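There are 4 protein chains.
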Amino acid sequence: MLKLDFHPSGRHVLQIPGPSPVPDRLLRAMSYPTIDHRGPEFAMLGLKVLAGIKRIFKTTQPVIIYSSSGTGAWEGALVNTLCPGDRILMYETGHFASLWREMAENLGLRPERIGRDGVEGWRRGVEADLIEQRLRADGGHAIKAVCVVHNETSTGVTSDIASVRRAIDAAGHPALLLVDTISGLASADYRHDAWGADVTVSGSQKGLMLPPGLGFNAVSQKALHAHAAARLPRSYWDWTPILKANETGYWPTTPNTNLLYALSEAIEMIEEEGLDRVFARHARLAEACRAAVRGWGLDIQCADPQVYSPVLTGVMMPEGVDANAVRQRIAETFDLSLGTGLGRMAGRMFRIGHLGDCNDLSLMAALAGCEMGLKLSGVRLAGSGVVAAMDLLARTEVHSLTKVA
Amino acid sequence: MLKLDFHPSGRHVLQIPGPSPVPDRLLRAMSYPTIDHRGPEFAMLGLKVLAGIKRIFKTTQPVIIYSSSGTGAWEGALVNTLCPGDRILMYETGHFASLWREMAENLGLRPERIGRDGVEGWRRGVEADLIEQRLRADGGHAIKAVCVVHNETSTGVTSDIASVRRAIDAAGHPALLLVDTISGLASADYRHDAWGADVTVSGSQKGLMLPPGLGFNAVSQKALHAHAAARLPRSYWDWTPILKANETGYWPTTPNTNLLYALSEAIEMIEEEGLDRVFARHARLAEACRAAVRGWGLDIQCADPQVYSPVLTGVMMPEGVDANAVRQRIAETFDLSLGTGLGRMAGRMFRIGHLGDCNDLSLMAALAGCEMGLKLSGVRLAGSGVVAAMDLLARTEVHSLTKVA
Amino acid sequence: MLKLDFHPSGRHVLQIPGPSPVPDRLLRAMSYPTIDHRGPEFAMLGLKVLAGIKRIFKTTQPVIIYSSSGTGAWEGALVNTLCPGDRILMYETGHFASLWREMAENLGLRPERIGRDGVEGWRRGVEADLIEQRLRADGGHAIKAVCVVHNETSTGVTSDIASVRRAIDAAGHPALLLVDTISGLASADYRHDAWGADVTVSGSQKGLMLPPGLGFNAVSQKALHAHAAARLPRSYWDWTPILKANETGYWPTTPNTNLLYALSEAIEMIEEEGLDRVFARHARLAEACRAAVRGWGLDIQCADPQVYSPVLTGVMMPEGVDANAVRQRIAETFDLSLGTGLGRMAGRMFRIGHLGDCNDLSLMAALAGCEMGLKLSGVRLAGSGVVAAMDLLARTEVHSLTKVA
Amino acid sequence: MLKLDFHPSGRHVLQIPGPSPVPDRLLRAMSYPTIDHRGPEFAMLGLKVLAGIKRIFKTTQPVIIYSSSGTGAWEGALVNTLCPGDRILMYETGHFASLWREMAENLGLRPERIGRDGVEGWRRGVEADLIEQRLRADGGHAIKAVCVVHNETSTGVTSDIASVRRAIDAAGHPALLLVDTISGLASADYRHDAWGADVTVSGSQKGLMLPPGLGFNAVSQKALHAHAAARLPRSYWDWTPILKANETGYWPTTPNTNLLYALSEAIEMIEEEGLDRVFARHARLAEACRAAVRGWGLDIQCADPQVYSPVLTGVMMPEGVDANAVRQRIAETFDLSLGTGLGRMAGRMFRIGHLGDCNDLSLMAALAGCEMGLKLSGVRLAGSGVVAAMDLLARTEVHSLTKVA
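Protein chains in written order, with my numbering: chain A, 1 to 405; chain B, 1001 to 1405; chain C, 2001 to 2405; chain D, 3001 to 3405.
Keep in mind that the hints were calculated from the coordinates and are not lab data. Be aware that a few hints might be false.
[As the list claims (entries may be wrong)] Here are a few chain A residues that sit away from chain D, every Cβ distance over 12 angstroms (derived from the structure):
#1 R38
#2 P62
#3 R124
#4 Q221
#5 A228
#6 P241
#7 I267
#8 V321
#9 A346
[Said to hold, decoys possible] Straight-line alpha carbon distances no greater than 25 angstroms define the calculated DMTMM-like cross-link-like pairs of lysine to aspartate or glutamate that follow:
#10 C:K2058 to C:D2276
#11 C:K2003 to D:E3247
#12 D:K3003 to A:D357
#13 D:K3054 to D:D3357
#14 C:K2003 to D:E3273
#15 D:K3003 to A:E268
#16 D:K3003 to C:D2189
#17 B:K1058 to B:E1273
#18 C:K2048 to C:D2189
#19 A:K3 to D:D3357
#20 C:K2003 to D:E3268
#21 D:K3003 to C:D2024
#22 C:K2375 to B:E1397
#23 A:K3 to B:E1132
#24 B:K1003 to A:E247
#25 B:K1003 to C:D2357
#26 B:K1048 to D:D3024
#27 B:K1003 to C:E2247
#28 C:K2058 to C:E2247
#29 A:K3 to D:E3273
#30 D:K3058 to D:D3189
#31 C:K2048 to D:D3005
#32 B:K1003 to A:E272
#33 A:K244 to B:E1105
#34 A:K3 to B:E1268
Everything numeric in this text was worked out from a predicted model, so none of it was measured. Don't be surprised by glycine CBs; every beta carbon is placed ideally from N, CA and C.
Let the hints inform the model, and build the full structure from the sequences given.
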């Protein structure tokens, strides 16, 4: 009989860029008794999470909650707003942007890749002027949507979404703005309304700290108009019956009650800390992580400091070092999981997640595991990244015990 | 701040036909730490549940596990096997069969309703000769699939799936057989291979005793051939990348790790008891429930004793009694949730679930709540259904403490 | 490897008069992380539970919380207030009163049994006039304490403590009044201050709904004076260092932090419902249970309706029926645990607990299990106790969903 | 309403020398349903833990399990073996040894302190020749027992118990050997039988990784003989009724069922890893911790490398630094709890626990918190202890993923 608690003595350290470690408080909330999803108590839960998740997206417009992974929410964004054969512009910031483009093709859309070529394109954020330029060239408004990834999980790059909206507007183009912030939500600042996103896609297992299983679509009025005209076949993902049932706190199909309990609790946790403090905490831990990478004398995957991600940091290996061998050594010796390099970065980097339920000492645990594992793997380091990170954290210390005070 | 544990002193009694009560053992399994879905430990979990779920479906062929509700798995069955505009025959056994037909229309298929008209059609199982007759008339094989519901959750009718397969074969028709056993799996006997189903659809929140959040497609080789030619747009639901990733125990997108833990544990629970004993337990409790309904002098919704469901029992109200008022009275007074009448049965019946983690005394608790609530609602009863159910249970007593012995 | 979750499909029904079923809410509270018992967060917890438990005892005087079973708290009451060789008067209401007397002997006290002889004495409450008479005869005040059991768990008799205080006062006797309400607290009305108890002993695993592991001594000023002069050896149980540490929310030795979390939550649960409503709920369920026993034509162990216990009901077997064989049959067939007959009642009765996290339907489940099991054991019943209990519960229905309203 | 989950974002780091962090696996075991402590399932649990705990103590003789803190088990050891006024020799290794002596006085024994005077005595282990010398001088065998602490939690010193037994034997003295290994059991090697202990005292909240609430007495045949003649008053702690009930897996009073579940699981966890590997893990982490202290240029409280504790390390502050101010700064800034200096070491040191559910990275997290906090407190450090600890851990790396392999 397989033991489900795979890990040996002491706590396993999960420091991949999602799923992030699920806090015990959310596990406890997930264990509330499953109730009748058609009963009055459920409606109270439903209305609460539907209202709360809007505050996390910084929107006053509807947010759809799907029982699905984040990938499902990508599909929701596309099938609810587009017609077969529609052209859409998809900016390639990394592996996940590529996967979304594949999905668009699978669904019968005609996606057009935009962005710099090669590895370099994966080390920078969205360059909005490229989008503006392309849209200006589309006089006939054949392009129906622009798709960008806010926080690219494969690289550790957080793009400027407001600039994309400005680019679309500057081009006077009616295309919808569809944004993936699956790994950005509740970790990096995100503003669905203020930044003019039409559909924002997210998932539960990152900044929201839940297990995987919920996908989100925040929508705009413009997206709802497009929805009315969209003709891709849709049923499970269809916003209309969901929005109608949501009015009274219900869903048309059986919702994942236990994850909604956890979502309710996660929103409370985030709002107790305060969204701004959550963002500041992520930014500070990310800075400490980068201080460590620099201390080791290694390269950060993101080449533009303006768009460093507060969620994860990609660590480049020196030539000739297999990043996956390093990761495996670290996992086997220190029970620490790191993210692998994806797509064209496979074997060349690993990714350190510092999102969700993280604090100074959980980051230090991860960095110590990395530093020891790098040395054991024979990687020559310029110095102690751990010491560099401690210097930064101590210099920027934060009084942590806010709940007791 | 909303309390998520809504219920007052003493345990809430959830006796709807799904979600069924989640046993503590599964809640504990759900609380194992979320791990890297790309790491070696995950593969062990993945391979284990993928193998185990086949035994529950009684198949040696692949079973797809989706992060979705059961409705999503309906969509998976259709988009993976059919082409836009395909004709399919959908037998109407009740409300859920109707909803599946609506979905087929939404997805651009051309479903044809089959089955008796009116309320009577909802009180009986699938009549396979109607299907055979219709397929014989379809000389050009325009009909691509026959869709039937094994256990109709809205009524409490369990149809004979093997007879449907025989009918298709007797007609010499190549249509696929798509079966919904969302509420039947692991409660009523089901045999994907032996009964010749091509796609069997199920969900996690019924006989498997999990919270909602996982959907299933068991497939046949014939279904996989149809899949290769199917042209409905698909991406999230696409079997191909899932089957490929599943070979090594993984998923192409982020799976719901914590529900897979619970699934692993649920399969262990079911196999410790033994599938046959699980079915016998459900059948016996269902019989006790029907004894109670008869004891009250009320009608069972299912009019054909051959197809009584072991999962739930529909209880018809006498003329002039609003079933929902009775349900509400019961819920408010006895903290007992029952299923409402759906679709054309709204207000005319309520449904007692007796599935999943149920035993003699949990059924008796529910029946006592019903009997008291019916009386308090002014329904005149012929006698004590509770006494009738106790007679049956005592007469057919089962030594329960198998684990200790 | 022994499975710790011993029970088969469906929920085990624990209906012994303690430990009572631990609600999930308390299990969740028990799972909060263990913290430094010398840190500032702990003090907040400590001060909270020390204040809250006073309200449950209805006292403004100190309550000592021990890491021990209730038996340990008995010892605490004796060693803190008495000297070697002291005479104490101990009223025998049943088996637990006898055990307390044995303890007093073990500790070097000279207990004197008081109360009616034989089985009859175990079927009635404390007769305060016997105490008054005895104390009047003790002109030299050799008797240092009077010990009585408020709710005798072995029989289901709840004695009138206020009458005992009146008897002591009427005799003009200075003896301390020591009361055991281990199984009464938070189920039956109890008033430490108003009833003039000097030490009240209780435990965690009954009305407080926790697992076993905490014992309580509520004390009076008079008890504290006796404490100053008491000379039985004491260390672990010594009130003085505990009271001193408690002033700032701590304990002198390592307290059971996780049970204190559960205690904090239990007090919240009880106060959300309201102590009076808790008592009314217990009283009503007890009445329904007795209605069932009468419906079966069996005798209630407690022979005096004035002192029926709201916590448990003793059910006498007819001559020639072995109560333990009946209990075993019920346990094995219906996975229902009932209390055995203790001491001189062994084999002659069983006990149904209806305390703590109980409601109408959990009682009905238990009564149904009893009724079926009695019949299967060949006990001839006058009628259906289950029907009698349902009649009572329906006639006295209570709107249960107070939290939602 | 006080939040019981006091801590802010990210996991609280509990690194005091007990209670140690309770692993989730034990919290889950603690949540199994409380069962009838007189039923057959309980006996299976009881027999299992009674057998298992013997293996942890390395004894074939009985081990008593109390519902109490470790302090209660101290009392059990004394009252079960001694008579009022008995002389006992108590070696003072630190604060906890002093507290045990106070208890002996409270209970009416005549303890005699032995050991070096002043602070120096607290920085070394038991010197067995002092004991031998004293016993040789006790020609009349007035001394009835020798009490020593195996692992002194207040200082981080682990004494050689076998040498004490040799000393007693060399003196030809019949005194009992009573040993406190409350914080040593299951972290430091301990051999009740081989080392000739007569009573070994322990508790649940240290190496066993449980919450506080269970105390232990492992006994020898000689202790049982002394027990038969011992005349200190006893009841709750009396071994006789417990041993009798234990024969069939029960306890005479209500045991703490839920902690026994956790104990059962803890024994499984420890034996899965293997006791020797558990000890080796503790020893290696302790060595890394001491490497850090030396790296900081600070003194280790224990002055004798032969008796360094594998359980905790006492860190001396330089003159003029208030250790408690440092601890508070660390707690408030890094959410890390360390142990305070006790008794005569108050304010002069803090203690780092590295026991129970610890691994390389949890230790590194704690050391990073210490290093940053020391610097923020203005303590001048010779270098990075964190780097020194990483060097040691990497140099002595252990393949951790034994369960997967």
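Going down the list of hints, with the structure as the test:
Remark: the non-interface label on R38 of chain A is consistent with the geometry, its nearest Cβ contact in chain D lying 29 angstroms away (cut-off 12 angstroms). Against the 12 angstroms criterion, P62 of chain A stays outside the reach of chain D, whose nearest CB is about 29 angstroms from its own CB. Chain D leaves R124 of chain A outside its interface by the beta-carbon criterion, the shortest separation being 30 angstroms against a cut-off of 12 angstroms. With a least CB separation of 35 angstroms from chain D, Q221 of chain A remains clear of the 12 angstroms interface cut-off, as annotated.
No beta-carbon of chain D comes within 12 angstroms of the beta-carbon of A228 of chain A; the shortest separation is about 41 angstroms. Separation of P241 of chain A from chain D is adequate, the least Cβ-Cβ distance of about 37 angstroms exceeding the 12 angstroms criterion. Under the 12 angstroms C-beta cut-off, the non-interface status given to I267 of chain A relative to chain D holds; the minimum distance is some 14 angstroms. No beta-carbon of chain D comes within 12 angstroms of the beta-carbon of V321 of chain A; the shortest separation is about 17 angstroms.
Under the 12 angstroms C-beta cut-off, the non-interface status given to A346 of chain A relative to chain D holds; the minimum distance is some 23 angstroms. For the hint pairing K2058 of chain C with D2276 of chain C, the CA-to-CA distance comes to about 12 angstroms; that is within 25 angstroms, so the pair holds. Simply put, K2003 of chain C and E3247 of chain D have alpha-carbon atoms about 21 angstroms apart, close enough for the 25 angstroms limit, and the pair holds. In summary, the hint linking K3003 of chain D to D357 of chain A is supported, as the alpha carbons are separated by about 18 angstroms, within the 25 angstroms threshold.
Pair hint K3054 of chain D plus D3357 of chain D holds up; C-alpha atoms about 21 angstroms apart against a cutoff of 25 angstroms. This hinted pair checks out: K2003 of chain C and E3273 of chain D have alpha carbons roughly 19 angstroms apart, not beyond 25 angstroms. Taken as a hint, the K3003 of chain D and E268 of chain A pair is honoured in the structure, with Cα atoms around 12 angstroms apart against an allowance of 25 angstroms. The straight-line distance between the Cα atoms of K3003 of chain D and D2189 of chain C is roughly 29 angstroms, outside the 25 angstroms bound, and the hint therefore fails.
Using a Cα cut-off of 25 angstroms, the hinted pair K1058 of chain B and E1273 of chain B holds, with the two alpha carbons roughly 16 angstroms apart. For the suggested pair K2048 of chain C and D2189 of chain C, the alpha carbons sit about 22 angstroms apart, so the restraint of at most 25 angstroms is met. Note on K3 of chain A and D3357 of chain D: the hinted pairing holds, with a Cα-Cα distance of about 18 angstroms set against a maximum of 25 angstroms. Under the criterion of a C-alpha separation no larger than 25 angstroms, the hint pairing K2003 of chain C with E3268 of chain D is consistent with the structure, at around 12 angstroms.
Of the supplied pair hints, the one linking K3003 of chain D and D2024 of chain C holds, its CA atoms being roughly 17 angstroms apart against a limit of 25 angstroms. Taken as a hint, the K2375 of chain C and E1397 of chain B pair is honoured in the structure, with Cα atoms around 12 angstroms apart against an allowance of 25 angstroms. Annotation: proposed proximity of K3 of chain A to E1132 of chain B is violated, straight-line Cα distance about 49 angstroms (limit 25 angstroms). The suggested pairing of K1003 of chain B with E247 of chain A holds, with an alpha-carbon distance near 21 angstroms, which does not exceed 25 angstroms.
Restraint check for K1003 of chain B and D2357 of chain C: the C-alpha separation of about 18 angstroms stays at or below 25 angstroms, so the hint holds. This hinted pair checks out: K1048 of chain B and D3024 of chain D have alpha carbons roughly 23 angstroms apart, not beyond 25 angstroms. Restraint check: the Cα-Cα separation between K1003 of chain B and E2247 of chain C comes to about 32 angstroms, which exceeds 25 angstroms; the hinted pair is violated. With a CA separation close to 19 angstroms, the supplied pair K2058 of chain C and E2247 of chain C stays within the 25 angstroms bound.
A hinted pair counts as satisfied when its Cα atoms are at most 25 angstroms apart, and K3 of chain A with E3273 of chain D qualifies at roughly 14 angstroms. Our distance criterion of 25 angstroms between C-alpha atoms is met by K3058 of chain D and D3189 of chain D, whose separation comes to about 9 angstroms. A hinted pair counts as satisfied when its Cα atoms are at most 25 angstroms apart, and K2048 of chain C with D3005 of chain D qualifies at roughly 14 angstroms. For the suggested pair K1003 of chain B and E272 of chain A, the alpha carbons sit about 16 angstroms apart, so the restraint of at most 25 angstroms is met.
Note on K244 of chain A and E1105 of chain B: the hinted pairing holds, with a Cα-Cα distance of about 19 angstroms set against a maximum of 25 angstroms. For the hint linking K3 of chain A to E1268 of chain B, the alpha-carbon distance of about 12 angstroms falls within 25 angstroms, and the restraint holds.
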